[in-house]
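Using the hints, put the two standalone chains together into the complex.
Below, each chain spelled out in residue letters.
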Amino acid sequence: MAKRIDVKDVDIYYGKFQAVRGVNLTIEPRSVTAFIGPSGCGKSTVLRTLNRMHEVVPGARVSGDVLLDGEDIYGSSVDPVNVRRTIGMVFQRPNPFPTMSIYDNVVAGLKLQGTRMRKHELDDAVERSLVSANLWHEVRSRLKKPGSGLSGGQQQRLCIARAIAVQPQVLLMDEPCSALDPISTLAIEDLIQQLKATYTIVIVTHNMQQAARVSDRTAFFNLAGVSQPGELVEMDDTEKIFSNPSDKRTEDYISGRFG
Amino acid sequence: MRDAPMTTYAPTLAKSLSTGRGVRLRKAKSGLAAVLVTGSFAVALVPLVWLLWTVISKGLHAVTRDGWFTASQRNKTYTDPGGGALHAIIGTAEQVALCSAISVPIALLVAIYLVEYGRGALARVTTFMVDILTGIPSIVAALFIYAVFIGTLGQSKAGWLVSLALVLLMIPVIVRTAEEMLRLVPNELREASYALGVPKWRTVLRVVLPTALAGIVTGVILGIARVAGETAPLLVLGTYTPNRNSDLFHGPQGTLPSFINDQTVNASSHGTYQLGADGKPHLVHNFAVDRLWGAALTLIVIVMLLNLIGRLVGRFQKISD
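Chains V and Y, in that order, give the protein sequences. Read left to right, the first sequence gives residues 1 to 259 (the numbering used here). Read left to right, the second sequence gives residues 260 to 580 (the numbering used here).
Listed next, the stretches of chain Y that the computed footprint assigns to chain V, with coverage defined by at least 3 CB atoms under 8 Å from CB atoms of chain V: (1) 443 to 450; (2) 453 to 460; (3) 463 to 472.
The hints are simulated quantities; they were obtained by calculation from the structure and are not laboratory data. A virtual CB, placed ideally from N, CA and C, is assigned to each residue, including glycine.
The shape of chain Y in the complex, shown without the other chains (with noise of 0.2 Å):
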């Protein structure tokens, strides 16, 4: 007797595995769904790439030619060749180390709160906060900070007053990421750690941190990125200046942004021309032109650095888990 259903439902079974109308249609949609998935992604590939390709292939002689990493624009017209873009260099490292060596202790010391402290309505604050700051266009941040230093205390424009602004930018994105990276922390060990008898303070110095490094680095890293290209606080902050000037805070300082900027304002009417055959001019080489690109190169490069220093770090620690 209990044979006898399990005959008659086999051959449908089968039926039901090879064919039927459902599966096809099943597999026409996961078709379907695969070609637009993989289209989406070459799509978002192709301005990566062209983005890419642009710059290197502009930006490359500038960057490859004697003098780029050790001499300035110092004496040099936007028709002359050659020059650096040391200057800047400096003056975008310099900001962005102050802007991080004000940030990062501040941004930690906030998502250790959130994540490990923050009970109730402070904390609720202190996140909504967080989010505004997320959300502030960085001209504002400039303008306030221009109000505040400059027309208020009477400051005068610096490159510490850019770290400033940047400071403002770069918290709200190393919050999220280290808090994101501390909550991914398990509970388990910061419980292990209590029953050792470790105080808290302790448990989240040598226990939490350490053990979600690898991410709070990364964290830090895409800010100093999110930073570094930033141009709305040099323009409203900054003034730019073909020397070197390693000073933060007296006079003008050049950075890689503000240098680009210089580069490409300046760089239609300077071009070389030559009279043609026709009687027309022609532009033979604008140098003003290779310099932005590379500059632009430069800045880029320096980020990808970072990044790659940041994921060497992320390896290393899993390395030694």
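So that you can see chain V by itself, here it is in the shape it has in the complex (with noise of 0.2 Å):
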């Protein structure tokens, strides 16, 4: 199921202004690879280009290669909308369909997508779903109750299980904590654990703690200068980075030196 994003040569821009420049890194099948980073150093704009999100704000543009096992998804006949599909992604707010049951969120990737299922299969579908993001339990008794009258961090979860019913093969999460409590938030991240087994993580976080609890993989991005774009300072073992990392920046941002 997982797969391997290698990413060369990436610049970023939108409009005339670059965000990031010069990112090179590879993502390993089933594992966790964590960025971090100060704030506005452009590691929600990388992973966003990861499955063409940033796509979606205009004048956004993106040069370099980004590889899926090999397969260039910004190749001229490849559809984002099919690169989405195989790479799915968490938000920072919990973002449940307002008009939607716990069920239809959950279904929403497969229905919308037009896929045409029997209701056997779509139950099937949000039970393995939601199963997997720990949330079935919880829910089971209420399915056709509205998604946001879930707590925050039954509804990250829920916005999980959405993400994963569409199976795909890569899940990116752009601070998927950030909005939650202590409690929600190891929920979170024992689920992060069990869904390495089978998907590809990427996950962005501020928390440098939760980087270190989950990632086997870490990348860490800075500013290359004042009003300088973003760029990818060094990418290593999660251990490593944090115990002994070649860059005189990384140890100066985990040690709090700075950011």
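Rendered as structure tokens:
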């Protein structure tokens, strides 16, 4: 299921403004990769280029290659809609569809993609996804209730269930816990550990402890200088980044000397 | 050392919390503002309540009489009692329905274009055109339809031409509200949908529109309320008849506003008079006046019912959230 992503010489622009420059990195399948760095350094921007979500912003463009198991997702014949079906995403703020029940939220991707499915297939998908998202036991008795009635942590797990219901290869998470309390954060972190057996996971986080807890590899981003674009400073095994980083700037950041 | 400033500041602080000229002045200003705001609200309420009271007190017994909702004014003179408003209700309902059937889809598509797709010059021009359309007086819209359909194309006056003029008045109202409602839908929901691999058109249709539905329905109802009581197009493009005519495309057709107009114009000269003891005629009863207030009340009730339905749809939507 899981696929590997290679990012080669990627520059990202919003109109004339260059947000990120010269990013080269590799994301291994069935692992958790964390993007850390100060605000505005472009880590979320890089994340959004991995499934072409940045294109939703008018004027955004990318140069360089992003390869999914060797296939360029920016190839001229590639449909961004298909890229996003393969590479799912979970956002900072839980965003279940307010007009839909819990059940409909989970199958929203399947239904809205236009896949024709029988009732029992949908039922199976709902149960499978909610079980994977550790939410099944909390909501099984109220699947027809609106998704917006759940707590923030439950809503975020509902969003994860919704993302994995379409069976993506890769799951991108953009600060998935920053709007949640510590208990819900723990629940999501446990979930990430389980999900990495099946999916390739990339998580952007402001919380360095979280990166250290959940990820196998960590990439540190920083601004190249005042009013300069963001860049990848270094990427290594999480243990090495947090114990013995090779770059001075990384060490300054994780030791709290700036940022 | 560090405590010293604290002890000197503390008494000053306590004093300024309770008394002080500034505080009293501010309280006075606040009180004055409260009186002004509440007073303005009361003043604004006066004409509304007065209008409702006038229409209800003068129109209620015409509306509650037998046959108001089942009979027309066929073969009734202005001095006859009774008769109903059915012919007018049918006309208004049909003309507004045709108008809505044309306006709602066009206006929704324009609003969707402006919010979801519109970029650059075309979007700006469209917004500008909608603004202009909003400001067009209804008589001008009516004259335009008259010039094109009756003047140039040689059609004759009929209900459907009234509907066409109303379309010009209804579209900008619905575009404006629908646009606002669509802009209120959080971008996060669109992004959530895109991230699931849902194409844009399906995102608009299945995520954005349902989320904004309650507001859009309210907009449509506001649009209907706006055109249901419109008079200029009726005077220019329609002809009144006291008889039932449910054919939008042929012949004269009564509507509530033109019914009101007809009764008003003829009321003063058709009252029932009796010679009093002083040898002068006294007005005993004027049935046309009854009917015109009755028709006004009917129009208000229809618009209020539509508003109520809109509210209910909105509430229903919220509950299912």
